[in-house]
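Residues 24 to 113 (this note's numbering) make up the sequence shown, in order.
Derived by calculation from the structure, the hints in this document are not laboratory data. Predicted model only: the values in this text are computed from it and were never measured. Glycine included, C-beta positions come from ideal geometry on N, C-alpha and C. Possibly wrong hints are sitting among the right ones.
[Said to hold, decoys possible] Under the rule of at most 25 Å between Cα atoms (straight-line distance), these lysine-lysine pairs were calculated in the BS3-like manner:
id, residue 1, residue 2
1, 36, 105
2, 61, 36
3, 61, 105
[Claimed, not checked] Estimated spans, in silico, between C-beta atoms of each pair:
id, residue 1, residue 2, range
4, 26, 61, 30 to 38 Å
5, 36, 78, 18 to 26 Å
6, 49, 113, 16 to 24 Å
7, 36, 67, 17 to 25 Å
8, 113, 65, 15 to 23 Å
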Amino acid sequence: MDKQRDTVESMFKREGGDGRAQGSTWPESRVFAVGVKKDMGYIDEYAEYVCNVLKDNGLGGKEVYVEIVDIDRLYEARGGWKALQRLQCK
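Generate coordinates for the entire structure from the input sequences, incorporating the hints supplied.
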């Protein structure tokens, strides 16, 4: 499972990723967070895409959630975590 998580996480990095993600992490065992620019657009569709990537790599299921987060807010001092979208992968 760790190898699968590492593989998926590497697909959503700033360098060598899918071109939209600015980074990713597993903040909880069943939550995969992907940081993007808030003005990227199509956030809902992107969350669906991330769920499909998780499924394709054996990590999908109804108990897995994807959070698309505002990466700029994370970088601000005390900006905190702001989910732009949270989707339960089915």
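Beta-carbon spacing of residue 36 to residue 67 - inside the hinted bounds 17 to 25 Å or not:
Check passed, 22 Å falls within 17 to 25 Å.
Is the gap between the beta carbons of residue 36 and residue 78 within 18 to 26 Å?
Holds: the Cβ-Cβ distance is about 20 Å, inside 18 to 26 Å.
Given the hinted pair residue 61 and residue 36, is their alpha-carbon gap at most 25 Å?
holds (16 Å)
Is the hinted range of 15 to 23 Å satisfied by the C-beta distance from residue 113 to residue 65?
holds (19 Å)
Taking 16 to 24 Å as the stated bounds, is the beta-carbon spacing between residue 49 and residue 113 within them?
Once the Cβ atoms are compared, 19 Å apart, the range 16 to 24 Å for residue 113 and residue 49 holds.
Consistency of beta-carbon spacing, residue 61 to residue 26, with hint 30 to 38 Å
Given range 30 to 38 Å: holds, Cβ gap about 32 Å.
Keeping to a limit of 25 Å between CA atoms, is the pair of residue 36 and residue 105 held or broken?
Measuring from Cα to Cα gives roughly 18 Å; hence the hint holds.
Has the given pair, residue 61 with residue 105, been kept, meaning a C-alpha gap of at most 25 Å?
holds (10 Å)
Consistency note: the structure conflicts with none of the earlier hints.
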